[in-house]
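A.B. asks: My request is simple: use the sequences and hints to build the entire structure.
Chain residues, written in single-letter form:
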Amino acid sequence: MNIAVRQATAAQRLKVVDCDIHPVFRTPAELHPFMSARWREHMATFGTHFRHGLAGQLPYPRMMAAGMRVDSFPEDGPPGSDLDLMRRQHLDPNGVEVGMLIALSRGGMEERNLDFGAALSSAINDWQLECWVKKEPRLRAAIVVPQENAEFAVAEIERRAGDPAFAQVMISPRSSDPLGHRRYWPIYAAAERCGKPVALHVSGYSGGHPSTGSGWPTYYMQEHYAMSTGMQNTLASLVFEGVLERFPKIKFVMIEGGFAWAPALTWRMDKHWARMRAETPHLRRPPSEYVREHFWFTTQPIEEPEQPEHLLDIIEWIGWDRLMFSTDYPHWDFDDPKQAIKARLTEAQKAKIFRDNAKAVYGLQ
Amino acid sequence: MKLPLEGAIDCDVHPAMPGVPALLPYLDDYWRDQFANRHIDRLPFTLSSYLPSSPLTVRPDWRPASGSPAGDLDTIRRHVLDPFAVRYAICNPLHGAVALFNDDMAAALCGAVNDWTARELLDREPRLRASILVPAQSPELAVREIERKAPDRRFVQVLLLAMGEAPLGRRTNWPIYAAAEKHELAIGIHAGSTYRVAPTYAGWTSYRVEDYVAQSAAFETQLLSLVAEGVFQKFPRLRVVLIESGFTWLPTWLWRTAKTWRGVRAEVPWIDRSPAEIVREHVRFTLQPIDAPPADPHALARTLEHVGSDRLLLFSTDYPHWQFDGDDVLPAGLPGDTMRQLLIDNALETYPRLRDAPTAAGRKRKKSKEAP
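Same order as they appear, the protein sequences are chains Y and L. The first sequence begins at 1 in this note's numbering and counts up by one. The second sequence begins at 366 in this note's numbering and counts up by one.
Everything labelled a hint here was simulated from the structure, so no lab data went into it. The model shown is predicted, which means the values in this text are computed figures rather than measured ones. Be a bit skeptical, because a hint or two may be false.
Stated by the list, open to error - These stretches of chain L come out as covered by chain Y in the derived footprint (C-beta under 8 Å, 3 or more residues):
hint: 1; segment: 388-398
hint: 2; segment: 586-597
hint: 3; segment: 609-615
hint: 4; segment: 664-676
As the list claims (entries may be wrong) - Derived lysine-lysine pairs resembling DSSO-like cross-links, with alpha carbons at most 27 Å apart:
hint: 5; chain 1: Y; residue 1: Lys-134; chain 2: Y; residue 2: Lys-342
hint: 6; chain 1: Y; residue 1: Lys-359; chain 2: Y; residue 2: Lys-338
hint: 7; chain 1: Y; residue 1: Lys-338; chain 2: L; residue 2: Lys-624
hint: 8; chain 1: Y; residue 1: Lys-342; chain 2: L; residue 2: Lys-624
hint: 9; chain 1: Y; residue 1: Lys-350; chain 2: L; residue 2: Lys-624
hint: 10; chain 1: Y; residue 1: Lys-135; chain 2: Y; residue 2: Lys-15
A virtual CB, placed ideally from N, CA and C, is assigned to each residue, including glycine.
C.D. replies: Structure representation (C-alpha cells):
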C-alpha cells in the first residue's frame, strides 16, 4: 500500500469530536411539553422579543437556503431537526464519536423579557436532554442560560450540574455589556464550581449594540465577519476585567468565531497593556498568559491561508492543545473533517485537534 | 542617523492641536462670537480616544515638563525630523471637532484647524505635509472642505476616524471618496472613535486600554465595509491608508474575507476579484504600532510573509504616541532587503502629491534619482 492511500485510510478512521452541531425543533410546539401553560400562551401570543427590527426572521438574510446546507433538509421540518438524518448524513459517515449540541434557537439568550427567557432556557435544556441526548448517546447538551439574568442562570446551572449529559454552560457573547463585566460573574462562579467550561458561540442580536464599533454593516458578508471581531472584543473584555484572576479554574470555549486572529490580538493586548498597566492593576500577568491558560477555540469557519502551511504558524502560536475541530452542521459554511485543514498535519497533531483536545477540556472518557 | 536610509517618509506624526484662542483668527465673526458667548473658547476639544495624560498618547521621554507634547516645531524637529532624517512627515490632526453633533460648528473648527496647519506648520517647516481634517458627520460639508484645501498640494490626504456613526463604505460617504480621487488625495483612516456607538458589539468597555485594543477590530470591519460596498470599483484610483491600525491582524482578514467572499459573492456581485487582491492594490498600512512580540522577531517575520507583499507598509513613528522606545522604530523581524520600499517608495506610490517637483518653499531633493 502506498503512503498516500495509507494516510487516506487513517484519516477515514480518525474519530472526531465535533464541537459545534446545531439541533433545531421541528416546530415550536416541540418545546410545549417542557413549558407551563402560562409560557406556552405567552409564546403563542407575544412571541419572542429581540433587539432588532424584524419579527421572526434574521435582519441579514442568509445567502442560500436560509443559511443551511441545501442537502440537509429532512422530509419535513428544518435542517437539524431530524436525528436520523443527522446520524445518516453526519455522525456516521464523518466518524463523530462525540457531538456537542449548540442549541441557538429559542434558548432565551436573546429574549428581552427575562422571565420568558428563563422559561425558554429551561425548556430548551429539557428538550436537548429528552429529544436528543437520551436518544443518541454520542451527543452532549449545553446548559443554555440567558446571560442577562444571572440569578436564574446560576440556579439553572446548579440544577443541571451533576448531569453528565450537559458538557458545558452556554451564554451569548453578544451580551448587553461586554462579558467581562461584573454582572456576569455569578455565572462564571457557578460554572467554575461545577467544573464545566463556558461555551461562547457567536450569535445574533442579543445585546442590541451595532455589530461593529462604527455602526451596523450593510451586507451579510460583513455581519458574518463581525462575529470574528466581536469574539476578539469578548476575549479582551474577559481578560482586562480580571475574570481570569478572579476565577482561576474557569475555561472558555470560543465557538464559530474563527481563531487565526488570536495570536495577533494577544500580541496587541500584551503590547498596549504593558504601557497602560496602571489602569488595570488587577492583572498580574500579560494578557497572553491568561489566554493561553483559559481559552480554547473551535475550528469552523476555518481561515484558509493562500499558502495552507501558514496555518501551522497560527496553530503553533495558539498552542496545539487549544484548537478543537467543529463542523457547524447543518449550516451552509459546514467544514468537512476530511477537507477543512489543508495544511499537512502529523497523526499526533490530527488526533489532538480532531479529538483529544476536546476530550481533555470536556473531561470526556 | 537612526534609519538605514536618509529621506524616509514618516506617514504619521501628531503635532499638538491648537486651542480655540489660536483658531479664532481663522473663524468668521459668527463663530468667534459663538465661541466667546457660549464660553467654549477655553475648552480643549480633545478626542476622548487620545487623552493627553494617557501613557499611550505621549511617550514618557517625549512628554515635556510643561506645555503641550509635540507643541512646537523645534521639538518636532529635535525628536523626529532631524534624528530620523526624514524627507517628509505627514501631520495627522487629531481634533475633537469631528466628534461634535453640530455639523456647522464641526465644519468651522475643521476649516480653522486646516488653515492653522498650513500657516503654523507647513509654511514654517518645509518637511511637513498634512492631512485635511474634515467634518465627516456631514459628507456635504466634508467635500466642501476638501475642495477648499485641495489647491494647496502640501495637503496629501483626507483624514477620517476608524470608529464613527456608520461604516465608512456606506454610499452616503461616497462624495468624500469622489473628491479625494479627483484631487489625488489619499483617504487616511486613523485610529480613534467619536463614540457614536459602543466600541464593541457587546457594548461599552470599562478601560481605555480595551478601547485601544478594539481599534484593530474596528479597522478590520471598516476595511471590509469599503471592500464590500464596492468603493474600490467605483473609485479605481482611490488609495486608502489605515493609520495607527496595527497590521498583524491583516493575514487573518485576507484569509477569512477571501474565503467568505467565495461563499457569498452573489450578495456583492460588483466584487469581481478576491478581496485580498483589492486590498493589496488599494490599501496601505502605517508601520506603528507593530503588534508583535518584541522577544520573538520570528513571529513578525512570519506574519509579514503571511501578508504576502512588501508594498503595503508605510514607515511611521506615530510621534508622540508611545509605540516604541528609544530609536527602535524598526524592530528585528522586518525584512532588511526591502527597507527602501518601507521607508520611501511605498509612500511615494501611495501619495501622488509627494511626487510633486519641489517648490520654492520646499527643500531641494538631494538626489533626483530618488523620484520613482
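A.B. asks: Okay, the segment 388-398 of chain L and chain Y, do three or more residues pass the C-beta test at under 8 Å?
C.D. replies: Since three or more residues must qualify, the claim that chain Y covers the segment 388-398 of chain L is violated, with 0 doing so at under 8 Å.
A.B. asks: Is the Cα-Cα distance between Lys-135 (chain Y) and Lys-15 (chain Y) 27 Å or less?
C.D. replies: 20 Å, holds
A.B. asks: How does the coverage statement for the segment 609-615 of chain L fare against chain Y, requiring three or more residues with Cβ below 8 Å from a Cβ of that chain?
C.D. replies: holds (count 3)
A.B. asks: Tell me if the straight-line CA distance from Lys-359 (chain Y) to Lys-338 (chain Y) falls inside 27 Å.
C.D. replies: 20 Å, holds
A.B. asks: Using C-beta distances, would you say chain Y covers the segment 664-676 of chain L, given that this needs three or more residues below 8 Å?
C.D. replies: Holds: 6 residues of the segment 664-676 of chain L have a Cβ under 8 Å from chain Y.
A.B. asks: Within a Cα-Cα threshold of 27 Å, do Lys-350 (chain Y) and Lys-624 (chain L) meet the stated pairing?
C.D. replies: Answer holds: Lys-350 (chain Y) to Lys-624 (chain L) is near 23 Å, not above 27 Å.
A.B. asks: Checking one constraint from the list: CA of Lys-134 (chain Y) to CA of Lys-342 (chain Y), max 27 Å. Satisfied?
C.D. replies: 36 Å, violated
A.B. asks: For the segment 586-597 of chain L, do three or more residues have a beta carbon lying closer than 8 Å to a beta carbon of chain Y?
C.D. replies: holds (count 6)
A.B. asks: Regarding the pair Lys-342 (chain Y) and Lys-624 (chain L), is the alpha-carbon distance no greater than 27 Å?
C.D. replies: 13 Å, holds
A.B. asks: With a cut-off of 27 Å on the C-alpha distance, tell me whether Lys-338 (chain Y) and Lys-624 (chain L) pass.
C.D. replies: Measuring from Cα to Cα gives roughly 18 Å; hence the hint holds.
This entry does not satisfy hints 1 and 5, going by the numbered hints stated previously.
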